[in-house]
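Trainee: Using the sequences and the hints, build the whole thing.
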Amino acid sequence: VDAATFQALLLALDPNHDKAAQDYRRLHERLVRFFSLHPVADPYALADEALDRLARRVAADPNEVITPSAFLVGIARHLLQEEERRRIRESKAAQEWAPVVADSSSEDEDLHRRLERCLNTMRKEQRELLIEYYRSTGRQKIEHHRELAAKLGITLNALRNRLMRARKELDDCVRRSRRDVSSTESTRR
Amino acid sequence: MKQGEEILDGFPQDVNEKLVAYLSRDLSANQREAFENRILEDEFFSQQIEEAQFALLEAYAEGSLPPEVHERLTPWAASSNYAREHLSITRRLKKLSSPSAHRRVRSATLWLFAAAACLLFAALPWVFLRRHPSPPNVAKLEPQHVPAPAATTPNTILLVAERLRGAGPPVQPLETFPIEGSIPLRLQIVLPASHSSNTYSVVVRHITNSRPVARFAGIKTQGPAQTPHIEVILPAHTLQSGEYMADVETPGDLFHVPFRVHETK
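These protein sequence lines map, in sequence, to chains A and B.
Residues in the first sequence are numbered from 288 upward in steps of one, following this note's numbering.
Residues in the second sequence are numbered from 8 upward in steps of one, following this note's numbering.
These are computed hints drawn from the structure, not numbers from a lab.
Keep in mind that the hints are not guaranteed to be accurate.
As the list claims (entries may be wrong) - Simulated pairs of lysine to any residue, SDA-like, Cα-Cα distance not exceeding 25 angstroms:
| no. | chain 1 | residue 1 | chain 2 | residue 2 |
| --- | --- | --- | --- | --- |
| 1 | A | Lys428 | B | Glu92 |
| 2 | A | Lys455 | A | His431 |
| 3 | A | Lys428 | B | Asp21 |
| 4 | A | Lys428 | B | Thr81 |
| 5 | A | Lys438 | B | Leu100 |
| 6 | A | Lys455 | A | Asp329 |
| 7 | A | Lys455 | A | Glu419 |
| 8 | A | Lys306 | B | Arg45 |
| 9 | B | Lys25 | A | Met409 |
| 10 | A | Lys438 | A | Met409 |
| 11 | A | Lys438 | A | Val461 |
| 12 | A | Lys438 | A | Asp397 |
| 13 | A | Lys428 | B | Gln55 |
| 14 | A | Lys455 | B | His77 |
| 15 | A | Lys306 | B | Glu48 |
| 16 | B | Lys25 | A | Leu450 |
| 17 | B | Lys101 | A | Thr442 |
| 18 | B | Lys25 | B | Leu100 |
| 19 | B | Lys101 | B | Glu58 |
| 20 | A | Lys455 | B | Ser248 |
| 21 | B | Lys102 | A | Glu456 |
| 22 | B | Lys101 | A | Arg463 |
| 23 | A | Lys411 | B | Lys25 |
| 24 | A | Lys428 | B | Pro74 |
| 25 | A | Lys455 | B | Ala200 |
| 26 | B | Lys227 | B | Ser248 |
Claimed, not checked - Here are the simulated distance ranges between beta carbons:
| no. | chain 1 | residue 1 | chain 2 | residue 2 | range |
| --- | --- | --- | --- | --- | --- |
| 27 | A | Ala332 | B | Glu69 | 23 to 31 angstroms |
| 28 | B | Ser208 | A | Arg364 | 41 to 49 angstroms |
| 29 | B | Ser208 | A | Ala437 | 49 to 57 angstroms |
| 30 | B | Glu256 | A | Glu434 | 50 to 58 angstroms |
For each residue, glycine too, the CB sits at the ideal point set by N, CA and C.
Mentor: See the structure below:
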């Protein structure tokens, strides 16, 4: 969308520019959460698309969109249906191409390589938290997490929040590296 | 759902149950609609769902969900890219954190120690000779220039020019990219599809004082026509932790692409 269309959306969200920018960001986050609950290829791209469509509707007729967030619900559902149709088409195509698709072991290696690279770019304490957090399994896990929280002088809830933030950074990094054009090309070579 | 309660502690049980019911398509059409409306319109509920989804995926990867819940979630976990990616990363992290991985690290450390000991042993004669001054008639060697280590793979930052709509101020939170200051930085900027055949100039500047830190001209687009991108390499130490703007210009068009970097070393 162009600048004027986008400004129209901001104005519809809130006359105060800063507040409108915050609202925009929150709407984007909520859309990502919504789309991530569904079998879609890229929740972030769909969230962008939903807001672009909302902006176009607002710019076309500001009176039509009284409550942007409520309007967005309809757009999001519509996008989900489009995505579902696309997925069905692609899965049919994928069945035909299945014999030539790379095996999962190479995908696994690729993920491992990206993961290690991303871990190495993270802050030391975040990296250590991730490695330490996932060290134990089963029943020992809860006790281990209690000990870890005590060692860091924080509550279990705070530990979980820290882990979520670290995971989000790691997952975003892996996702970005997958969208990195050059590395994709070099992987294919 | 006794076991689940223990594993997903810290989250309101009704949120977990609602999420499981939603993901396993056990809600009626009206209930689904109400649930979706809340995610999109109620900020607090939306955050709770994100946290509960995280905990569910972790418990799913761990295999610690009640079998009935695990089974109900499997179709979703198998079909959602987001879920699959989360599960793969969790499994990989578990492997990296496993005691066997640590044994491998310890073993590697031992090997390193052994190698260092061998090197030390090999260097002993040289150390011995250094302690005994050379005779005066032996010419002294000029100190040798030690070449800098070869440049490692550059950091890569991928930015999307489309995301900043027009020339207005940035409205999305700046994305932070961890970088290693001592190696070059590759900046890739994805452009709208219509821009595949243009030549660009790129100026990278501080957001706070607009002071430019790097300029490039005559940059040609690369990649497929649907996702053209330009690429520039910034020498090591060009960027320090802070907020930057990449001004990408071609005749008739100007993009401002903001980003933030965090130096890790």
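Trainee: Hint by hint, work out which the structure violates, then give me just those numbers in ascending order.
Mentor: 9, 11, 12, 18, 23, 25 and 26
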